[in-house]
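Those protein sequence lines, which keep their order, are chains E and Y.
Residue 3 is where the first sequence starts when you use this note's numbering, and the numbers rise one by one after that.
Residue 926 is where the second sequence starts when you use this note's numbering, and the numbers rise one by one after that.
Hints are computed from structural coordinates only; laboratory data are not their basis.
One or more hints might be untrue.
Ranges of calculated distance between the beta carbons of each label pair, as one might list FRET restraints [what the hints assert, rightly or not]: (1) Glu1269(Y) to Arg129(E): 27 to 37 Å; (2) Glu1269(Y) to Ser165(E): 21 to 31 Å; (3) Asp134(E) to Gln943(Y): 41 to 51 Å; (4) Pro100(E) to Pro948(Y): 32 to 42 Å; (5) Pro100(E) to Cys1515(Y): 20 to 30 Å.
Not everything, but these chain E residues come out facing chain Y in the computed CB check (under 10 Å) [to be verified]: (6) Glu26; (7) Ala28; (8) Ser61; (9) Glu77; (10) Leu111; (11) Tyr113; (12) Ile116; (13) Glu117; (14) Pro163; (15) Ser165.
Ideal Cβ positions, reconstructed from N, Cα and C, are used throughout, including at glycine.
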Amino acid sequence: MAFNIFITGIGGQGVVSAGTIIAEAALAEGLRIRSSDATGLAQRGGSVHSQIKMGDEVSSAILHTGTADVILGFEPLEASRWAHMLKPEGVAIVNSNPVYPVTVKNGMLKYPDIEEQKKVFKERGARNIWLDGRALTERLGNMRVLNSLMIGFTAAKTRLPISLDTLRRVIAEKVPGRTVAVNLKAFDMGYKVGREEP
Amino acid sequence: MESVVSDSIKGAPDLDSQELEHPILLMGNHAIARGALEAGVRVVAGYPGTPSSEILTSLAGDADRHGVHVEWSTNEKVAYEVAYGAALGGVRALVTTKHLGVNVLSDALLVSAYTGVNGGLVVVTADDIHPFSSQNAEDTRYYARLAKIPCIEPTNVQEAKDMMSDAFRISEALQLPVLFRVTDRICHAKSDATLGEINRLDREPSFVKDDARYVMIAPNARRRVSWLNAQMDAAAALSENYPGNRIDMADSPELGVIASGVTYEHTVEALNVLGLRGRVSVLKLTFTNPLPRQMIASFLKVHRKVLVVEEIEPIIEKEVNSVAHQLGIKSKIHGRLDGFIPREHELTPDRVGSGVTRILKLDDSSLEMPEYKTPEMIRRIPNLCAGCPHAASYYALKQAVKRMGGGGAVTGDRGCYNQGTNPPLSAIDTCVCMGASISMASGLYHAGVEGPIVAVIGDGTFLHNGVQPLVNAVHNTADITVMILDNGWTGMTGHQPNANTGITATGKHVPKVSIEEMVRASGVKHVQVVSPYDVKETIYAIVAAMKHKGPAVVVSRQVCPVQDHRLRKRAGEKLSFTRYAVNPERCTGCLQCVNSVGCPALDITDGRIKINQAQCIGCGVCAQVCPLKAIEVKH
Ligand SMILES: Cc1ncc(C[n+]2csc(CCOP(=O)(O)OP(=O)(O)O)c2C)c(N)n1
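Turn these sequences into a full structure, and let the hints guide you.
Structure below.
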């Protein structure tokens, strides 16, 4: 048994901490872990990703193409950029709020059409589920809990081999003290939305 | 002050964790740090550089408790010499660096191999072999061969920790420094790992005088080179018997893969994904200089086809070829040299797997993975942060160059400010190696290039290797302008303190070096200190420096806001900023603000500029560059 997740987004969105939470939680479930983060430079705004393998026997901190059970995209372009990592029977969960690079803002480049991006996953044969992370986190009054929200949603929509209790416990351990409550709320909201949606 | 640079990632395990029974989640760089503590290290010196920096940062957090001296040195050569001195004094010492730093310390490394060491000396080099965030991709294992010292390449996080103790033991057994070579996929990987006990080797430090050994004048050097060669013969025997060099024989082998370092795990993964474990044997190598040639020979003898994988140059591959040639073994050897493995860039399970299937396809074509490629997407270039003083400095510089009639050259240097090459700033013309901005500017001046010649360098890089080029520019009368972008920190590599910060690696307050006094002491007659947030003043200062005959320096000083705000928040301060807003009646959407500084806090919705209040730090630079005065302070 092995379960692989590829988390992708932009510096400052909480991609790496989401990866750490999932990896810690998987370890707490007795699974072995190989994971690695690509964070680029200290600056904000660059592409970031975190890949995690969990299972009884794992090797290499890099996923083989076509072996991700889940792509967890915090930003559309960053998610579809990595579509080739997904198993054909895998699922991509994508926050639908684009973050435009400066080169798009000033008109040098064009941001790829969202429908085109959805097609990239469809061509792969994979399921892709889009959610409006901004609208949901706004309801909680805190935009910085996107990662807990996304983890909750993933727990509802995929076969993530980690119990909800373990995920909640690890989130409570890992996030800054004063934000524990709102992060757990975000996790629960993500789970609930995931359960309700078809 | 509480240790300001201790690891800010919550979730990094305590380096002195007592959890010895159950595995914990460990980042590679923390594993190396823990391994050094388990080996009883006493002195640690390093210089920041991706992907190595967290090794020293995490050790610094616990240094005092463990009685270990930990320092960020001025540059890698200094770091190496500090650690080497400590090792001559009989204690175990560690150096941390990225690959480029090995170039800098190599002068000391090559000669120190002649004297050898007493306490173990391990140099951890984190090679950015792709490269992901460096000026080049480099294989520092060549230095192990050049200096004639052992090289260890762990294959995963657990080994990165465990093999630190091995490396120190090998270093002391041979009296040689050891190169401990890791790559990004160890440094920034996280894995389950089981810890061992932290050791405090209570050794009595001592220095026993022995000038025939330590004073490297030529007659002594002639004797010591024979000693060094004999040590490497002894090292070869250690390599043959090292348990980290091992053969995993397949049940019915059709191919043998020889893999070192992280590529061993990529190989295992690829074979698992492709279902080929039973058909492909693997020779795992972790003691890679000197190589276990006999073990390689025995592997070659039972595999007609061999694939060599390694990061990043075909060093082992060439030596495997030489073993085959020497013993007349006819196995076909593939790898980077014949293109079965791509010639450059990081290896992955895919790339190893594709080499394996391409070789085996000769016998079986059913093995290929279905091709699937994502269409190429637009690149997201990293930008300078909201309110970055570097962006303001570049805006002023471009205006000043324009006023001087354009032309010339802006030689850049290495730091956050080399993002100034990206649009919309596009402000620098070169970026090569640390300190080169000033010397290259001198060269362009002496070549006779017309127009203002400006070197742009950060405070950290100036102290690393920029001082000598400035002294040189004065001494050899180069009429150049040097902008020192002083943000008080070594920012790009994760905000480490330097001598200009006034804080040590372990968080102790110490006197700051004064950059302007150093500049004056170098003999520069025209020195001006400005804040880049004052756009006009900065433009004037740069123009004045350009007009000055002889080398002139503008220190553009503004503390890095990201780090400043982080520390102030940590100290419990509530931050408040001047709020700016765009006056929609004045703004025509000309985009001058976006195109001048490219600040990420400037959003465009439906052709209209809006200031993203969550990101804006109120530096006011966009308001100063707006030709229509459409960006106003909000009251
Ligand atoms: C020889 C060498 N060592 C280390 C590095 C890694 N490195 C890149 S930029 C930098 C320092 C940047 O500091 P500073 O000049 O103060 O600029 P800032 O990023 O703060 O703007 C370092 C250490 C390198 N590129 N080369």
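Hints, verified against the model:
One distance hint, 27 to 37 Å for the beta-carbon pair Glu1269(Y) and Arg129(E), holds here, with the actual separation near 36 Å. Checked against the hint of 21 to 31 Å, the C-beta distance between Glu1269(Y) and Ser165(E) comes to roughly 44 Å, which is inconsistent with it. Distance hint check for Asp134(E) and Gln943(Y): the Cβ-Cβ separation is about 45 Å, which falls inside the suggested range of 41 to 51 Å. The given range of 32 to 42 Å is respected by Pro100(E) and Pro948(Y), whose C-beta atoms sit roughly 39 Å from each other.
Distance hint check: the CB atoms of Pro100(E) and Cys1515(Y) are about 24 Å apart, consistent with the given range 20 to 30 Å. Because the closest C-beta pair between Glu26(E) and chain Y is about 5 Å apart, less than 10 Å, the hint holds. For Ala28(E), the interface hint holds, since its Cβ comes within 10 Å of a Cβ in chain Y; the closest pair sits about 9 Å apart. Restraint check, Ser61(E) versus chain Y: the minimum CB separation of about 4 Å is within 10 Å; hint holds.
Annotation: Glu77(E) was flagged as interfacial toward chain Y, and the flag holds, the nearest CB pair being 9 Å apart, inside 10 Å. For the restraint placing Leu111(E) at the interface with chain Y, the shortest Cβ-Cβ distance is roughly 5 Å, inside the 10 Å limit, so the hint holds. Evaluation of the Tyr113(E) hint against chain Y yields a held restraint, the C-beta minimum of about 7 Å falling below 10 Å. Proximity of Ile116(E) to chain Y is violated relative to the hint, the smallest CB-CB distance being about 13 Å (cut-off 10 Å).
With its C-beta approaching chain Y no nearer than about 14 Å, Glu117(E) sits outside the 10 Å limit, and its interface hint is violated. Restraint check, Pro163(E) versus chain Y: the minimum CB separation of about 15 Å is more than 10 Å; hint violated. At a threshold of 10 Å, the smallest CB-CB gap from Ser165(E) to chain Y is about 17 Å, leaving the interface hint violated.
In this structure, the hints that do not hold are numbers 2, 12, 13, 14 and 15, in rising order.
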